Amino acid sequence: MMKIATAQVWVNDQDEALAFYTEKLGMEVRADVTMAEMGDFRWLTVSPAGQEDIAIVLMAIPGAPVFDEDTANAIRELTAKGAAGSVFLVTDDVYGEYETLKSRGVEFVDPPEERPYGIDCGFRDPSGNHFRLTQITEL
Amino acid sequence: MYSIATTQVWVNDQDEALEFYTEKLGMRVRADITLPELGDFRWLTVSPAGQPEVTIVLMAIPGEPVIDDEAGKQLRALMAKGVVSAIFLTATDVHATYEDLKSRGVPFDAPPTEQPWGIDCAFRDPSGNNFRLAQLAEVPAGV
Amino acid sequence: MAYAPPARHLLRAKDLADARYAEPLDVDDMAAAAGLSRAHFSREFRREFGETPHVYLLTRRLERAAALLRTTDRSIADICFSVGLSSIGSFTTSFTRMFEKSPAAYRASFPPAAAKVVVPSCVVRAYGRPQHRPASSR
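Protein chains in written order, with this note's numbering: chain V, 71 to 209; chain F, 2 to 144; chain B, 3 to 140.
Because the hints were derived from the structure by calculation, they are not lab data.
Among these hints, one or two may not hold up.
Examples of chain V residues lying across from chain F (beta carbon under 8 Å, computed) [unchecked claim]: (1) LYS73; (2) GLN78; (3) ILE124; (4) ILE126; (5) ALA130; (6) GLY133; (7) VAL160; (8) PRO186; (9) ILE189.
Not close to chain B: a few residues of chain F, all C-beta gaps over 12 Å, as computed [said to hold, decoys possible]: (10) GLU54; (11) GLY106; (12) LEU137.
Computed footprint of chain F on chain V, listed as stretches where at least three residues anywhere in the stretch have a Cβ under 8 Å from a Cβ of chain F [what the hints assert, rightly or not]: (13) 110-122; (14) 146-157.
It should be emphasised that the depicted structure is a prediction, and the values quoted were computed from it without experimental measurement.
Glycine included, every Cβ here is placed at the ideal spot set by N, Cα and C.
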């Protein structure tokens, strides 16, 4: 039996990302370990309180020797455009959650709007990663 | 409060991806809806059989104006290198899962290898997306 | 007797503790959220939930600290501050009382957090496989 355990988002700066995900999005740290022998590779994962079975890895965009400069820059640019991929969150109360996150300084690209599948809104993290927060309409 | 529902991978072809994720990886389709009012946008999600609450959305790479041509080219180049996304899957019995997936044609880099965190192997989907599959090392009782 | 759900004002205070324990929140803030004087609030909270708000909040913080001790390599001081506590001394005392081990001993009783790190293949290729040395060997 197989399960999804983590999904990754690329971040420019793990400390900046950590502050955003914990203080603004209110997520909890699931792991934070730096491995000196692996070039100070830092494994940093977060997930919402109460959801410990899956986590988001806040992965620093590495330079040499892991990635060459062109690859690193391409990833950084793509992420900044919000084109690296999105993470989808669901909530029972999108308007309430929207107000809470906004009050903490999260910048929304779309306020909550009715769509065929529910009411959803979108925001970006400091590196550009795109998040959708949706309240699903029961059909 | 909110929870993580879906994580995304970009795919070159949703039908090709669907076949790979369901027939080769053995995942289940959770949603497959085409929305004509959103330009025939197809929302296609899959997830492991025992994990209906979290899914992977197999997202077709859109063109302009959602993703500009230059970003689209950059994206495809990075996907070919397998560096755009990374999803980590855990298995209760990685050797059994490995044999099962391999027999269905999943291309693995190598058989499961012992690592400090567990026994681990890797594969890519037809669009180049990177996956790790591991059986986590036993944690002593009392945790 | 019919089951009566906890009064909303008490739930509000409890939710506040659950959501914001990592901040410098205290029982006065919880009482304010419930719209009651501190003494009155503490009595009602205890009657409703079986423990004082102080213990509830502290337990939440210490459990979170325990998780961080197991899953991160952050310093104990850092962990103390990140669960909303300001005194390392009293954190250590309360933690030891609850877990019957000091934070350091608790951490040492588990495999190192590094043992669970999933190192990406490209990093392994660049640096070689991680070699785990137990924390004590140096």
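*asked:* Interface hint check: V/ILE189, Cβ to nearest Cβ on chain F, cutoff 8 Å. Holds or violated?
replied: violated (13 Å)
*asked:* Does V/ILE124 hold up as a contact with chain F if the rule is Cβ-Cβ below 8 Å?
replied: holds (5 Å)
_No chain B beta carbon within 12 Å of F/LEU137's_ = violated (7 Å)
*Under a C-beta cut-off of less than 8 Å, do 3 or more residues of the region 110-122 of chain V approach chain F closely enough to confirm the stated coverage?*
With 5 residues close enough to chain F, the hint holds.
_Reported absence of F/GLU54 from the contact zone with chain B (all CB gaps over 12 Å)_ = holds (21 Å)
*Go through the hint on V/VAL160 and say holds or violated, using the shortest Cβ distance to chain F against 8 Å.*
Holds, about 4 Å.
*Would the hint on V/ILE126 stand, with a C-beta cut-off of 8 Å toward chain F?*
Nearest chain F Cβ about 7 Å off; hint holds.
*Status of the V/LYS73 interface restraint (C-beta, 8 Å, chain F)*: holds (5 Å)
*Hold the hint about V/GLY133 up to the distance rule: shortest CB distance to chain F must be less than 8 Å.*
violated (13 Å)
*Is the shortest C-beta separation between V/PRO186 and chain F less than 8 Å?*
Because about 6 Å separates V/PRO186 from the closest Cβ in chain F, which is inside the 8 Å limit, the hint holds.
*Hint check: 8 Å Cβ-Cβ cutoff, V/ALA130 to chain F*: At 13 Å from the nearest chain F Cβ, V/ALA130 fails the 8 Å test, so the hint is violated.
*Does V/GLN78 pass the interface hint, meaning its C-beta sits closer than 8 Å to a C-beta of chain F?*
For V/GLN78, the interface hint holds, since the closest Cβ of chain F sits about 4 Å away, which is under 8 Å.
Hint check: violations occur at hints 5, 6, 9 and 12; the rest are consistent with the structure.
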